[in-house]
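Colleague: Going down the list, the sequences are from chains X and L.
Note that my numbering numbers the first sequence so that position 324 is 1072, with each residue one more than the last.
Note that my numbering numbers the second sequence so that position 261 is 1009, with each residue one more than the last.
Certain hints may be false.
A pair counts as met if it fits within one copy or between any two copies, since identical chains are not told apart.
[Stated by the list, open to error] Think about it this way: if two alpha-carbon atoms lie no more than 20 Å apart in a straight line, the pair counts; the simulated SDA-like pairs of lysine to any residue are:
{"id": "1", "residue 1": "Lys903", "residue 2": "Lys999"}
{"id": "2", "residue 1": "Lys1072", "residue 2": "Asp1061"}
{"id": "3", "residue 1": "Lys999", "residue 2": "Asn1015"}
{"id": "4", "residue 1": "Lys965", "residue 2": "Lys1072"}
{"id": "5", "residue 1": "Lys999", "residue 2": "Pro902"}
Don't read these hints as lab results, they were simulated from the structure.
Here the structure is a predicted model, which means the values were calculated and not measured.
Spelled out from the first residue to the last, the chains are:
2 protein chains.
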Amino acid sequence: MEKIRVMIVGYGNVGRGVVESIKRNPDMVLAGIVSRSPERVKKTVTDVPVLPVNEPDVWMKELRPDVAILCGGSKDDLPKQGPEFARYVNTVDSFDNHSRIPEYFHAMDEAAQKAGHTAVISTGWDPGIFSLQRAIAGAFIPGAHAYGFYGLGPKGGLSMGHSDALRTIPGVKDARQFTHAIPEAIDKIRNGENPVFEPGDMHTRECFVVLEEGADKEAITKTILEMPGYFAPYKTTVNFISQEELDAKYKGFPHDGIVLAAGVTGNGNTALSEYRCQWGSNPEATANVLVAHARAVVRLAREGKSGAFTILDIPASYFSLMTKEELLAHCM
Amino acid sequence: MEKIRVMIVGYGNVGRGVVESIKRNPDMVLAGIVSRSPERVKKTVTDVPVLPVNEPDVWMKELRPDVAILCGGSKDDLPKQGPEFARYVNTVDSFDNHSRIPEYFHAMDEAAQKAGHTAVISTGWDPGIFSLQRAIAGAFIPGAHAYGFYGLGPKGGLSMGHSDALRTIPGVKDARQFTHAIPEAIDKIRNGENPVFEPGDMHTRECFVVLEEGADKEAITKTILEMPGYFAPYKTTVNFISQEELDAKYKGFPHDGIVLAAGVTGNGNTALSEYRCQWGSNPEATANVLVAHARAVVRLAREGKSGAFTILDIPASYFSLMTKEELLAHCM
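Work out the full structure: start from the sequences and follow the hints.
Modeller: Right under this line is the structure:
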């Protein structure tokens, strides 16, 4: 069987994770990388072609990708890049702006259908695995509502989006934001209360900020605490530390989370399901899930299916390296 | 939209759970029950038709089922009943003899394909939800091996099969068996050791036995501890108690379990996923999963798909009451 030729679009943390993940998936081969800054990428990547992102005729011909894994950001890159790429090739992406997923789905569906390609959108661990867990919890425990929490461990989970938001503040040189789940909120769900939460009831936010020389601590603290959406709804703590301390103590991209759902079966018997994951590297976790979906998207395309799909539209067997008989014998 | 007409085959604990579950699934209606002892069932069920199982012409005509949920046992009922029913109607079952699932799948596939029907086999929480979790853990964490444990809570989980095995011993009047996970074994997986376990390394077995008048305690204890497959490989404790104590302290069908998988992403970053469920009533949990699969089987049949399927072959959206747009907005 010929290997699946994967093209990576965008060489940041997730793109680098995809390179590593492909090495562990023997049915795939990295066909090449396309980037807005191919010269920069070529400094570290020498074993596969690196081409400019804006030359589709060149990369389609030279790389012959079966699927493109779009590793750009959800805010600025994917809304434009996704539908463009779906014109040329089957795609997988991790668009994670939850409230805009329906809109993005329809844009991708239209572009992919028109071109006869297949696009899996919004996958990774959340959205992605967590979406799957929310859907099955709701289906298998009638009446249950699924809740998601992040940062259950002592260090919490690094939020890339909130760290980026901190770094946009004038006077902030560097920053990282760790999210912490509120344990009492999780207990309420385990007790079967099916509570109604405001965002601030579920998580707290811990900021580690390195200041530019001469920056105004108080003004920056106020800006952070009042930032709508990002910090205003939450109990937030702001710690000013040195660059050395930030680099030493708060490096890496650890993250973790849980999806919980509780309900009742029959005559008052409790039913509780929990999916918990812990990742030493959040972008590498996302990368692994993207790669498994690249396998699925190629299978869907080979069946002649086109348009946009989410993890909820794809049978689990499509993600697996195992054959049908192996799945029956080892997973069932 | 016309409601899905569900027929229950076999009115034991799971069958009763299906009756309750259908009430919580507004797209379904209980068309009727077929049983080997319809007169017995009619004593408690008066609101739907109850018909003899061996008269397919009668129940097909009177009940007009879209799907039959087969609630018989995996040892004696399903291997024969499954392929027979697949000739008449779409089916869902919880065949749970793991080592014989491939064989049962092929028997059901042949029967269902020949008749142009759709059959979902071996679903519930294990096999079923756990199978799904094993498959996605393996696909999303390359190289990870998935482990299943049961009975993590203080009381452990009631094993129906092992309780039945105890009750076959002469001199045993009644008995219940609780399975306990060995916490140290779970810790090894969480530590990323990917250990190789013998069955006895993962669980212990606790038996509560009521003796017949004049039965030989020592002989029965020996018979239990040496029972191959069921108890011999495990650290097993046997407690002789009165019927009153058994009924008071060890009633109901609680069960719980966990699927864990650990691996590594990129350059030594840990990855750990855990799915945990806790059920006040094991048969009702199974029943709820069966009912969600009844929805899926009818959708597959309406698409013209025939043959046997497992949970690994079905997109999660097929189990859900939500529309495509609701899933995009609320689950993704």
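Colleague: Which earlier hints can't be squared with this structure?
Modeller: 4
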